[in-house]
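Top line first, the protein sequences correspond to chains A and B. For the first sequence, the positions run 191 to 306 when the numbering used here is used. For the second sequence, the positions run -8 to 108 when the numbering used here is used.
In short, the hints are calculated from the structure, not lab data. Fair warning: there could be bad hints in the mix.
Taking lysine-lysine and the BS3-like style, the derived pairs with C-alpha atoms no more than 30 Å apart in a straight line are [said to hold, decoys possible]:
#, chain 1, residue 1, chain 2, residue 2
1, A, Lys293, B, Lys13
2, A, Lys267, B, Lys32
3, A, Lys267, B, Lys31
For the chain A half of the interface with chain B, some residues (derived, Cβ under 8 Å), not all of them [stated by the list, open to error]:
#, residue
4, Gly233
5, Phe236
6, Tyr240
7, Phe253
8, Lys293
9, Thr298
Some chain B residues near chain A, calculated using beta-carbon distances under 8 Å [as the list claims (entries may be wrong)]:
#, residue
10, Met4
11, Gly19
12, Pro33
13, Leu36
14, Glu43
15, Glu44
16, Arg45
17, Phe66
Just so you know, even glycine gets a beta-carbon here, dropped at the ideal spot from N, CA and C.
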Amino acid sequence: AQSVAQPEDQVNVAEGNPLTVKCTYSVSGNPYLFWYVQYPNRGLQFLLKYITGDNLVKGSYGFEAEFNKSQTSFHLKKPSALVSDSALYFCAVRDLDTGGGNKLTFGTGTQLKVEL
Amino acid sequence: ETGVTQTPRHLVMGMTNKKSLKCEQHLGHNAMYWYKQSAKKPLELMFVYSLEERVENNSVPSRFSPECPNSSHLFLHLHTLQPEDSALYLCASSQQTGLVLVPDEQFFGPGTRLTVL
């Protein structure tokens, strides 16, 4: 079975400060990891993914995520937050080795609020 | 219109009504998905269609009935719903290459906000 945990319902950060949104995962085999973002009244948008290679993955809008196998984590980061980054962020995983069926497993989401 | 569109955007229905949600993707993808999004819960995958065949049904009650007439369109037919079915229903699409469905980098529609009275 595959699962994802996002331990924080909400993260507040001041504009210009670095931000981190946490994600931990559990899979039987090797993970295929994703971050999606959902703006108000919109569907989810793909941000970035990790499958193999460099543990630091760069994505859209200046976001990046770091894969840490020993800690089974895939935290989303951005060096300098913008008010426009305020949105709901979802981490997702698929188990590469067992196939994970036909699905991504999503976390519960973390609401990011960036204030002036 | 580009991307993935969903209609209606909002729907209020009684428990005895029958209604349908429509999804259309303009991306040339060959896999489509229905998800249910409820507050404070993980996104729940309901159905997956690949090459117009249903490949996944995640123990969804029979009051939800999907239909995929072609690779661009996906419907979710609703009947005798319960108030706990109130949620945001999201449609998504992705491109399958080869024989294995790779459900990654999905493109989502804006969703239909469903309220069951």
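May I ask you to test the interface hint for glutamate 44 of chain B with respect to chain A, counting a Cβ-Cβ separation under 8 Å as satisfied? violated (11 Å)
When the nearest CB of chain B is found for lysine 293 of chain A, is that gap smaller than 8 Å? holds (5 Å)
Hint check: 8 Å Cβ-Cβ cutoff, phenylalanine 66 of chain B to chain A: This interface hint is violated because 17 Å lies over the 8 Å limit.
Using Cβ atoms only, decide whether phenylalanine 236 of chain A comes closer than 8 Å to chain B, and label the hint accordingly. holds (5 Å)
Next item in the hint list is glycine 233 of chain A. Is there a CB on chain B closer than 8 Å to its CB? At about 3 Å, which falls below the 8 Å cut-off, the nearest Cβ of chain B leaves the hint on glycine 233 of chain A intact, so it holds.
Restraint check, 8 Å cut-off on beta carbons, for methionine 4 of chain B near chain A: Not OK, violated: methionine 4 of chain B not within 8 Å of chain A, min 20 Å.
Could you check if phenylalanine 253 of chain A really has its C-beta closer than 8 Å to a C-beta on chain B? Not OK, violated: phenylalanine 253 of chain A not within 8 Å of chain B, min 15 Å.
Starting from lysine 293 of chain A, check that the Cα of lysine 13 of chain B is at most 30 Å away, please. holds (21 Å)
Hint status (Cβ of proline 33 of chain B to nearest Cβ of chain A, threshold 8 Å): Interface hint status for proline 33 of chain B: holds (5 Å vs cutoff 8 Å).
Against chain A, with CB atoms and a cut of 8 Å, does the hint on leucine 36 of chain B hold up? holds (5 Å)
Quick check on the hint: threonine 298 of chain A CB to chain B CB, less than 8 Å? Interface hint status for threonine 298 of chain A: holds (5 Å vs cutoff 8 Å).
30 Å limit on alpha-carbon distance, applied to hinted pair lysine 267 of chain A and lysine 31 of chain B: holds (22 Å)
Consistency note: the structure conflicts with the earlier hints numbered 6, 7, 10, 11, 14, 15, 16, 17.
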